[in-house]
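Protein chains in written order, with the numbering used here: chain G, 1 to 141; chain Y, 1001 to 1404.
Keep in mind the hints are simulated off the structure, nothing from the lab.
All values reported here derive from a predicted model rather than from experimental measurement.
Please note that the accuracy of each hint is not assured.
Said to hold, decoys possible - Among the chain G residues that face chain Y by a calculated CB cut under 7 Å, a handful are:
| # | residue |
| --- | --- |
| 1 | W21 |
| 2 | I29 |
| 3 | S54 |
| 4 | D74 |
| 5 | A75 |
| 6 | I76 |
Claimed, not checked - Ranges between beta-carbon positions, derived for each pair:
| # | chain 1 | residue 1 | chain 2 | residue 2 | range |
| --- | --- | --- | --- | --- | --- |
| 7 | G | K130 | Y | P1245 | 44 to 54 Å |
| 8 | G | Q41 | Y | G1230 | 46 to 56 Å |
| 9 | Y | E1238 | G | T102 | 49 to 59 Å |
| 10 | Y | N1145 | G | Q41 | 34 to 44 Å |
To be verified - Taking lysine-lysine pairs in the DSSO-like style, the calculated list, with each CA pair at most 27 Å apart, reads:
| # | chain 1 | residue 1 | chain 2 | residue 2 |
| --- | --- | --- | --- | --- |
| 11 | Y | K1398 | G | K33 |
| 12 | G | K111 | Y | K1397 |
| 13 | Y | K1082 | Y | K1237 |
| 14 | Y | K1397 | G | K33 |
| 15 | Y | K1397 | G | K55 |
| 16 | G | K111 | Y | K1400 |
| 17 | Y | K1321 | G | K55 |
| 18 | Y | K1398 | G | K55 |
| 19 | Y | K1398 | G | K111 |
| 20 | Y | K1398 | G | K107 |
| 21 | Y | K1021 | G | K111 |
| 22 | G | K33 | G | K130 |
By construction, the Cβ of each residue, glycine as well, lies at the ideal position given by its N, Cα and C atoms.
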Amino acid sequence: MQSIQEIQEEIIDEFSMFEDWEERYQYMIDLGKELPLIETQYKTDSNIIKGCQSKVWVHAELEDDKIAFTADSDAIITKGIIAILIRVFSNQHPKAILEADTNFIDKIGLKEHLSPTRANGLVSMIKQLKMYAIAYQTQLN
Amino acid sequence: MLDLDRIRKDFPILTREVNGKPLVYFDNAATSQTPQQVIDVIVDYYSNYNANIHRGVHALSQEATDKYEEARQIIQKHFNAKHAHEIIYTSGTTHSINLVANGFSALLKKGDEIIVSALEHHSNIVPWQMLCERTGAVLKVIPMNQNGELEISVYDTLLNNNTKLVFVNHISNALGTINPIEHIIEKAHQFGAAVLIDGAQASPHIKPDVQALDVDFYVTSAHKICGPTGVGMLYGKEAWLKKLPPYQGGGEMIAEVTFEKTTYAGLPHKFEAGTPNICGGIAFGAALDYMNSIGFNAIANYENELLEYGTEKLLEIEGLKIYGTSKHKTSVISFNLDGIHPYDVGTILDKLGIAVRTGHHCAQPIMNYFNIPGTVRASFAFYNTKAEIDVLVAGVKKAKMMLS
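Go ahead and model the full structure; you've got the sequences and the hints to work with.
Okay, here's the thing in structure tokens:
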């Protein structure tokens, strides 16, 4: 199994091949267009993380000692970034999720999307992922 | 005809780049940019005569007081108020509205009715809901139609002898619709109701005459009219302002204080507790002087030209829908691309150096009406150009290509 760190480095590598913002964004948009990231039954109001503008849904399940995250958004660029976050954080131990940082977002040129004032729900989403990790960590102990 | 080259030189911010592209600023309905003439006034204040006003015997305090009160007179003349003391400085439109709402809480009783429009900004809904909760008054809403216009025939039927207040924006911030406030005011007065008009969106485009309108309260923010943020005004008819109790306690608003009783100062100081935004007030006056030096007729004509041009060019894009299609609207175009979230369009436009607003524009009831999460809103000011609109149209086409 790849560690969070390894996955992040892999993503940084992938993004380093893009020459400009357009290629980066096109890639994220394509990620966002891929199949639904969450089962419809979990796309409920109680799973919504309210950003000001785009809606984000997150669902978490514990499989053995790892957390599987699924998520979605009604905005495609947000969805693309979610796809990246899911790739990094899903199927990892709660402890590893809690210890991980999100600096790689900066390194792939998407820093502006994680500014706390950027009302797209992503900051709240990461907070929510970590909250699930805390909850499941407690359960595992 | 406006001298665009000269006007654009007045706004230093228009020469900057965003994301490596020349800035195209189309978020004027959120806040307008500041001309050098106003920036100079702000710098001059802090460089030369920064002092607290009204109380000082020293020269600086006197100078600051004179300038602050001169600005009040500029505002008075601009809106054609009868008296300077009918102009109350506030921190902005929201503050002004809350001041009136708070005042009316002492005047309303259970069963009284307040009418608001379906086109309102949140700041114009929440205070009245709070007021109704406090007093037992009932909130009624003037509905709107598919064009984003108020259904005035319904408004006429909502009025009755219990109606105490009517609150409508002069122009909708989300859609740009110009509301028929002359009719709204006249009808309300037939039932003895007071009318408050939110002029935040109208002030950059229209020079209202509060006496001719016979409006009871008119409010706006300086930052929509080339002034600084954090300052605005409440115009109220003298009789109404005398009737309303003070809003906040503090210095400046009192005549005499003992522990037994305080007597309040006269207008306008009764509503201006504490040290005000002195520099902001002075700059507000300077901003109005600047706008008037260009002329509101010339501004309105030119912005209308931009609106027509932008509407025509944007509608050439397949799958683009404009929300707010009233014949009476200002230079605001709220739109969506079919099947694409406005946030995504706004993100791509930002990458291209184009500043627009996306989202529900603090007007969720309007978005619910159209069943959309929000819109992309481009709002033009007199310093914008058709060439910039071409950049926007190309940007929207690019966003459409990338996102569909």
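Status of each hint after checking the structure:
no.	hint	in the structure
1	W21	5 Å, holds
2	I29	6 Å, holds
3	S54	5 Å, holds
4	D74	6 Å, holds
5	A75	4 Å, holds
6	I76	5 Å, holds
7	G:K130 to Y:P1245: 44 to 54 Å	49 Å, holds
8	G:Q41 to Y:G1230: 46 to 56 Å	48 Å, holds
9	Y:E1238 to G:T102: 49 to 59 Å	58 Å, holds
10	Y:N1145 to G:Q41: 34 to 44 Å	38 Å, holds
11	Y:K1398 to G:K33	17 Å, holds
12	G:K111 to Y:K1397	25 Å, holds
13	Y:K1082 to Y:K1237	8 Å, holds
14	Y:K1397 to G:K33	19 Å, holds
15	Y:K1397 to G:K55	24 Å, holds
16	G:K111 to Y:K1400	23 Å, holds
17	Y:K1321 to G:K55	22 Å, holds
18	Y:K1398 to G:K55	24 Å, holds
19	Y:K1398 to G:K111	22 Å, holds
20	Y:K1398 to G:K107	25 Å, holds
21	Y:K1021 to G:K111	19 Å, holds
22	G:K33 to G:K130	25 Å, holds
Violated hints are absent here; each numbered hint is respected by the structure.
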